[in-house]
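> In case you want the letters, here they are:
Number of protein chains: 2
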Amino acid sequence: MPNQARADDRCMLSTIAMQTLEKTHPKLTELKKRLAEIDDINCAASLLYWDQATYMPLGGATARGRQLATLRQLAHAKLTDGAIAQLLEDLSTDAADLPYDSDTAALLRITRRQVERATKVPNSFMAELSKHRAETYQVWAKARESNSFALVQPYLEKTLELSREWANFFPGYDHIADPLIDASDHGMKAATIQAIFAELRSQLVPVVQAITEQPPIADHCLKQFFPEADQLAFSLKLIQQMGFSLDRGRQDKTLHPFMTNFSINDVRITTRVQEQNFSECLFSTLHEMGHAFYELGNAPALENTPLAGGISSGVHESQSRLWENMVGRSRPFWRYAYPQLQAAFPAQLQSVPLETFYRAINKVSPSLIRTDADEVTYNLHVMIRFDLELALLEGSLSIRELPDAWNERYRSDLGLVPDSDSNGVLQDVHWYSGCIGGAFQGYTLGNLMSAQFFEAALKAHPNIPQQLEQGDFESLSHWLQTNLYQHGRKFTAEEIMVRVTGQPLGTKPLMRYIHKKFGELYDLPLTAIAA
Amino acid sequence: MPNQARADDRCMLSTIAMQTLEKTHPKLTELKKRLAEIDDINCAASLLYWDQATYMPLGGATARGRQLATLRQLAHAKLTDGAIAQLLEDLSTDAADLPYDSDTAALLRITRRQVERATKVPNSFMAELSKHRAETYQVWAKARESNSFALVQPYLEKTLELSREWANFFPGYDHIADPLIDASDHGMKAATIQAIFAELRSQLVPVVQAITEQPPIADHCLKQFFPEADQLAFSLKLIQQMGFSLDRGRQDKTLHPFMTNFSINDVRITTRVQEQNFSECLFSTLHEMGHAFYELGNAPALENTPLAGGISSGVHESQSRLWENMVGRSRPFWRYAYPQLQAAFPAQLQSVPLETFYRAINKVSPSLIRTDADEVTYNLHVMIRFDLELALLEGSLSIRELPDAWNERYRSDLGLVPDSDSNGVLQDVHWYSGCIGGAFQGYTLGNLMSAQFFEAALKAHPNIPQQLEQGDFESLSHWLQTNLYQHGRKFTAEEIMVRVTGQPLGTKPLMRYIHKKFGELYDLPLTAIAA
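Residue numbers (numbering that gives the first Met the number 0), protein chains in the order written: chain A, 0 to 530; chain B, 0 to 530.
Hints are computed from structural coordinates only; laboratory data are not their basis.
Accuracy of the hints is not assured; some may be wrong.
Computed, partial: chain A to chain B, Cβ under 7 Å [claimed, not checked]:
| no. | residue |
| --- | --- |
| 1 | E36 |
| 2 | D39 |
| 3 | C42 |
| 4 | S45 |
| 5 | L46 |
| 6 | L47 |
| 7 | A62 |
| 8 | G64 |
| 9 | L70 |
| 10 | R71 |
| 11 | S262 |
Using 30 Å as the maximum straight-line C-alpha spacing, the simulated BS3-like pairs for lysine-lysine come out as follows [what the hints assert, rightly or not]:
| no. | chain 1 | residue 1 | chain 2 | residue 2 |
| --- | --- | --- | --- | --- |
| 12 | B | K119 | A | K31 |
| 13 | B | K362 | B | K222 |
| 14 | B | K32 | A | K130 |
| 15 | A | K32 | B | K188 |
| 16 | A | K77 | B | K77 |
| 17 | B | K458 | B | K507 |
| 18 | A | K458 | A | K507 |
| 19 | A | K119 | A | K26 |
| 20 | B | K119 | A | K77 |
| 21 | B | K157 | B | K188 |
| 22 | A | K77 | A | K26 |
| 23 | B | K188 | A | K252 |
| 24 | B | K32 | A | K77 |
To be clear about the criterion: a stretch of chain A counts as covered by chain B if any three or more of its residues have a C-beta under 8 Å from a C-beta of chain B, and this derived list gives those stretches [as the list claims (entries may be wrong)]:
| no. | stretch |
| --- | --- |
| 25 | 50 to 58 |
| 26 | 246 to 256 |
Think of the CB as a built atom: it goes at the ideal place given N, C-alpha and C, for glycine as much as any other residue.
Please model the entire structure based on the sequences and the hints provided.
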């Protein structure tokens, strides 16, 4: 068939073009060399940050802030000095025939996007922003401790100004938040997210309503005394069983848990412990492990290139939430892990039945703190922040009015009023260490994606729940590795959702998951949502 | 008096020139900015190294080697790109009248020396050397483990070649080792060191001879089981009492103990533990603490400049040895610390008298391993290595012949023949991770200097021994801080010896110290050496 032949020809040409480009093109070699150097600098900066958050003595803080700024500016300067842009330009004709999926085509595509974005923001602005972020973080820490929003208000006012200024380096947007959103969730816009969030909200509110009318689940089995060292040892042992190897990573303590990496073979997670609340360490560990699995699963060929890593804030979060919630708060998983947990904490849990424990870790209850929120109410916290960000950027809300607006939304959406700004508007670090705009939507996008990915994985391997009961994580890990992790940042979030799940991002998978899980847990007459 | 007036005028002019330069000269500001950036990059590289040696998972090794090489090349390139040389040139006339002691004059002087040295070595050579060092280190680790010098021989042959090549970037030397020695002990030459070492050797050998004719000291009290965690806790508590603050530093475990820093307020030491040998952790901790005190004592104004740090490998080692030996192996110190040690290890030490312990930690006995050597034989180990380095560089000894030459020197100088190359020529990391030449003389120079400094401190504060007995380290610390630490790298080793001790470097203070201490310990008829 002629068409077939033509397709083969085209494929053959592409392969030759790619081989030629990859093997012999000195400009591609030069480009990769320059990108590798930038990656090395960025990895060093990541280590400076990791150390600051784990082991650095107090006295090191001033120098560390300066060193981080120096390295970040150096990486920014090297990305935008014109040499890489010129190489991309020189390679563009020869690369035109490369298959879209090829590593080289993706490298050029992603690098081009990075260079274009970085070039639009002047180095001097980045330096000012970086300095302001560091200062604001310090003031926020004090403000939160002393419950004084007034202390940080002028800093946040400047943050808002700088955020608007940053957005205006990218003219032509529909909404001023769009460039900020695009920076962490490329391809997303305020309007798209508002539509998805509205749809999700309309479905979540009745579920929350129905649950709060039921008798509350008892969770005092989690609120006993669990010694710190034992919690750390158990969580580390558990994630090793799940596939986290200490040959390629580690876990350390920190104030605000995070994942970072300095190579696809050195991926580190951090956690924190509350001795009177067992959930904190365990689920923060599983959460960060999910992030780590994504980076550890990158194809080795992506190492030291801009393709290593995760696609977007949303897709990255989908993996932390998949492992934390879909796996880590599931009944099959605890059928496997609970006997070990009881053995590790006999005094606390020997007499607590699995079902009591399972219900406790899935208790739904509107609360003030996002990071402590259950799977059902969590997204309401995110939506509050997202809406407030838009209002701030639009100018319809001032920083001065922000605490009241925050409290009012908590009252209307969750039926609770924060007892203090520290438990209210000051609780999250995001606005106080970065920009206003684009900081929070990724959490809910991630929750939506996690359910959509997990549903697709279950469709491919319906026996995953039975495997989890046996402590066998192979099918799920392998499916995620093959379909998502290995590709690193080659595709957009939109592309990967369709490639992997056959559907664009939607709210149905998450709502199906919630209806099924919490309908059963709370004995609710929730309608099953059709596929 | 006319002369006096002229001196005052000159001083006044210098002060004005300095103030003008420091406060208003944009080129000085620009120079400092560039040097600060280089220091930031170097500090990031130091953190990459610290992490590699303490917490990095195995998988991170390949990327880490690459990242270290990238940062070091970046710092080298920035130092030698011509801009700093031009600024130094532009500033040279205006700076000519600055007092030699001023921070600014020292900054220009030290920077000029660094730039000149770095500029002579091409960036491409540094990259090759850096790569070869990393590879050789890996091979050495295997060679030492499998006791196979043959494995690493070809690598070491290339190291010798590269070392010679490096030296030849600095033509005009008297001995080919001179440029290599100068790089770590600026101002020193092979001939000078040979003369000092010959003098020291002629005085040490009779002492060693006399001691080996005495009955050996019993040291089995140190060879009991001391649990690792308890050793680490005790050593950390001890150095905190001596002035090491965890607000400005930390201690971690590693394979080969070292000190490093990322700011004068973030100075870290590492240690290692043998559970069957108490000396290892304790004295390696005190040793590294001495190095740390030097850096922690730098004047704050030197932070983030090339003046921060220590003068040379010898002067730095003088401080580790002063605190490890002159203080840490002294009777007054243990009169203070031994009750605490007994309380920490009652089962092991409650029935061991202080004098028995004191004698045990000062036992003299020819041995195979440099790092385990006592104060009397230690320098003989160093001299063997120094002589072999010279012979290799001169070409009178080949790498192939090196193991036999090593063993022969141990037989003739220490009366022992290594049972294996792992305990012989493979024992030290230096040649296998750096150049051949300049690697070892600093240890003996440091021992000589430590005694000379300590003697001067005792002359200024004769009651230091009584203060040590009370756990009062203030006079000694303050004297070192004022006379040495605060100056960082402003002066040369030669200058500082004369400034601080009134004498150029000599062997008498160390030999006086050895005669007095070991004459008493071993009841030897050693002649007191006159001051």
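> Checking hints one by one. Is A:A62 an interface residue toward chain B, by the C-beta closer than 7 Å rule?
A:A62 check passes; min Cβ-Cβ to chain B is 3 Å, inside 7 Å.
> Taking 30 Å as the top limit, are the C-alpha atoms of B:K32 and A:K130 close enough?
holds (16 Å)
> With 7 Å as the cut and Cβ atoms as the points, is A:L47 at the interface with chain B?
holds (6 Å)
> Using Cβ atoms only, decide whether A:S262 comes closer than 7 Å to chain B, and label the hint accordingly.
holds (3 Å)
> Given the hinted pair B:K157 and B:K188, is their alpha-carbon gap at most 30 Å?
Within the cut-off at roughly 24 Å; holds.
> Hint check: is the beta carbon of A:C42 less than 7 Å from a beta carbon of chain B?
Given a least distance of 6 Å, the restraint on A:C42 holds.
> Does A:K252 sit within 30 Å of B:K188, going by the straight-line distance between their CA atoms?
violated (49 Å)
> A closest beta-carbon separation below 7 Å is what the hint needs, so does A:L70 meet it against chain B?
Holds. Min distance 6 Å.
> Do the alpha carbons of B:K458 and B:K507 lie within 30 Å of each other, as the hint requires?
holds (15 Å)
> Are the Cα positions of B:K32 and A:K77 separated by 30 Å at most?
holds (18 Å)
> So if I understand the rule, the pair passes when the alpha-carbon distance is 30 Å or less; does A:K458 with A:K507 pass?
holds (15 Å)
> Is the hint on A:S45 kept, meaning its closest Cβ partner in chain B is under 7 Å away?
violated (10 Å)
Consistency with the previously given hints fails for numbers 4, 8, 10, 15 and 23, ordered from lowest to highest.
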